[in-house]
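Chemist: Since chain A is already given, all that's left is putting chain B on it; use the hints.
These protein sequence lines map, in sequence, to chains A and B. Anchor point for the first sequence: position 88 equals 88 in my numbering, and the numbering is continuous, going up by one each time. Anchor point for the second sequence: position 158 equals 158 in my numbering, and the numbering is continuous, going up by one each time.
Keep in mind that a hint or two might mislead.
[As the list claims (entries may be wrong)] Negatives, chain B to chain A, calculated, CB over 12 Å:
| no. | residue |
| --- | --- |
| 1 | Glu46 |
| 2 | Leu130 |
| 3 | Leu168 |
| 4 | Val173 |
| 5 | Gly174 |
| 6 | Val188 |
| 7 | Ile216 |
| 8 | Lys303 |
| 9 | Val304 |
[To be verified] Pairs of lysine-lysine, DSS-like flavour, derived with a Cα cap of 27 Å:
| no. | chain 1 | residue 1 | chain 2 | residue 2 |
| --- | --- | --- | --- | --- |
| 10 | A | Lys90 | A | Lys233 |
| 11 | A | Lys87 | A | Lys7 |
| 12 | A | Lys233 | B | Lys59 |
| 13 | A | Lys87 | A | Lys233 |
| 14 | B | Lys61 | A | Lys233 |
| 15 | A | Lys7 | A | Lys90 |
If you are wondering where the hints come from, they were derived from the structure by calculation, not from laboratory data. Backbone N, C-alpha and C fix where the C-beta goes; we use that ideal spot for every residue, glycine too.
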Amino acid sequence: MNVTVMKLTARGLLGRRRALLLVILPLLLLGLAGLTRWASDASPEASSILANNFSMGTLLPLMCLLVATGVIGAEIDDGSIVYMLAKPLKRRVILFSKLAVGFAAVFVFAVLPTMAGVAIAGDEGGELSLAYGLSAILAAIVYTAIFVTLGIVTRNAVVFGLLYALLWETVLGGYVPGIRAVSVRQWALSVGERLLGSRQADEWAFASEVGMTTGLIMLTLTTVGAVYLGVRKLSTLTLNSVE
Amino acid sequence: MAENSAVPDAAPAAAQSHGVIHDIGFRHYDGERLGRGWIVRSLLVETFRGVFGLGRPAKAKIMPWVLVGILFAPPLIFALIAVLLGLDELPLSYTAYPQALSLIVSLFVASRAPYCVSRDLRHGVMPLYLSRPMRRNDYVFAKFAGLALALFAILAAAETLLFVGALLAKLAVGAQITGYLQGLAVSVLYALVLTSIGLVIAAATPRRGLGVAAIITVLAVVAGVAAVASELLIYNGNETLGNYVGALDPYGLVDGIAVLWFGVDSAFGREVTLGFTGGVAFTAAVIVVVAGGIGLLMRRYRKVGVA
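Next up, chain A with everything else stripped away, as it sits in the complex (with noise of 0.2 Å):
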């Protein structure tokens, strides 16, 4: 980690009127709780399906875009990127440093939005907004990490993830059961979903297509595997006007 590259990334990703553009999602989220609770009478349930389809489904992979676009994607975007590659630093601990200051916007503006969701929305003694933290906060690892990535292969980062995350999970999944259990979602969700004991995640409608050593086995392999195509494509970067 190099502490200038980071506060360099913290002031691409929040400076100006960028910042903006992150809290707006958080807002409408809290809106919603708000809502639920008042047509729900701040029952668990409800706030479970909003925070399992609004907060998980949509908020968090939508936020992770909007960071890693943030932190990698628009310095790629400009050229201004190469100032930064051409300085004695290992391009892993600028990938690195990227990525530790994308999951810190990530945790603050989507993961935290998402425990108060939770909370605001309905819960018994927290233990609802635990299970969905912990799960957001995995999530949000997994998907920075690959946002991060494929906004290095790609300029077209933000329209792929949302392909993936809206069309593949939301939509395929519907069609296709064998797709749902392919879903950073899914995987994430399994451990909150043990956290809670089966018993009571029935009862909130808290649930997982996959168990959670799955989970946690694809968690680890998806973010080893991202940041390591990361490093390498960091590596090999060629700056190319195409589009």
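Modeler: Below, chain B alone, put in the same frame as chain A:
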């Protein structure tokens, strides 16, 4: 990427009416100059082709064609379903089709709108355009029309596929022709409204990735808020207000117009019962969005390349 910059010349001074820089020190050109209209036309064609990656390397073609492919797949499936199950109408109506695939349509706009404008902004080439007999507003018009035409082209092509599929499945021809024409009308409105929103956001930033993310976030958030708010209002008995709030979403707005003017079923599955007033209000809203979008773009481009 200034148009015609590869064709330098030194026309007689008398022919140069409005301070156009032609002689930039290369070989002279004494032929005919096609003028402002032709430049706008060329920029429009270039924008339209660029949206689909035509005339660009293979890498630039992947993304638009992946989205177009996804947009064109369902009509084929629908035609098959209609043939196999012997239905007497399509599983999804012509006017509801763009809304059903709103995610793909939004992604197309979000990814292509920044393509149209952000490179010129980032590389600061606006003065090069303006050194030709082209005005700032011509540039805005060409970019707007190029993107809107491209968007209309893919929507209309998808509607045509639906129509062909319906004919092959031997559905009633009269009803299909009406539906197809309504679908085309809706496509025009979608193209104009979405282009307007997309370009205004895209022109605000020279960073393409940021533009893509901003457009998709805005469209997703607006759609989500409008859907939830109108659902709640209708659920609580305030149908009129609920219908108007639902039209805050561009897809809800165009869908509302289709329901009120053509009498089709809403793609959102809600009853839109606003009658003639609603139809006029929605139409006015579309005009405001498009005119406002073009107005904002013109205002934005008055400052580009000055400082």
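Chemist: If a hint holds in the structure, say so; if it does not, say that too.
Modeler: For each hint, the structure was consulted:
Chain A leaves Glu46 of chain B outside its interface by the beta-carbon criterion, the shortest separation being 14 Å against a cut-off of 12 Å. At the 12 Å boundary, the C-beta of Leu130 of chain B stays outside the reach of chain A, the nearest C-beta of that chain being 22 Å off. The beta carbon of Leu168 of chain B sits about 24 Å from the closest Cβ of chain A, which is more than 12 Å, so the claim that it is off the interface holds. Consistency note on Val173 of chain B: stated as away from chain A, and its beta-carbon is indeed over 12 Å from all of that chain's, at 31 Å minimum.
No Cβ of chain A approaches the Cβ of Gly174 of chain B within 12 Å, the least distance being about 33 Å, so the stated non-interface status holds. Non-interface status of Val188 of chain B relative to chain A is upheld: no Cβ of that chain comes within 12 Å, the nearest being about 25 Å off. The claim that Ile216 of chain B lies off the interface is violated: its Cβ sits roughly 6 Å from the closest Cβ of chain A, which falls inside the 12 Å cut-off. Non-interface status of Lys303 of chain B relative to chain A is upheld: no Cβ of that chain comes within 12 Å, the nearest being about 17 Å off.
Listed as outside the interface, Val304 of chain B is consistent with that label: its C-beta sits roughly 16 Å from the nearest C-beta of chain A, beyond the 12 Å cut-off. Proximity of Lys90 of chain A to Lys233 of chain A is assessed by CA-CA distance (about 13 Å); at most 27 Å being required, the pair is judged to hold. Restraint check: the Cα-Cα separation between Lys87 of chain A and Lys7 of chain A comes to about 15 Å, which is no more than 27 Å; the hinted pair holds. Between Lys233 of chain A and Lys59 of chain B the CA atoms are separated by roughly 17 Å; this keeps the pair inside 27 Å, and the hint holds.
Straight-line distance between C-alpha atoms of Lys87 of chain A and Lys233 of chain A comes to about 17 Å, which keeps the hinted pair within the 27 Å bound. Between the alpha carbons of Lys61 of chain B and Lys233 of chain A the distance comes to roughly 22 Å, so the proposed pair stays at or under 27 Å and holds. For the proposed pair Lys7 of chain A and Lys90 of chain A, the alpha carbon gap of about 17 Å is at most 27 Å, so the pair holds.
This entry does not satisfy hint 7, going by the numbered hints stated previously; all others are met.
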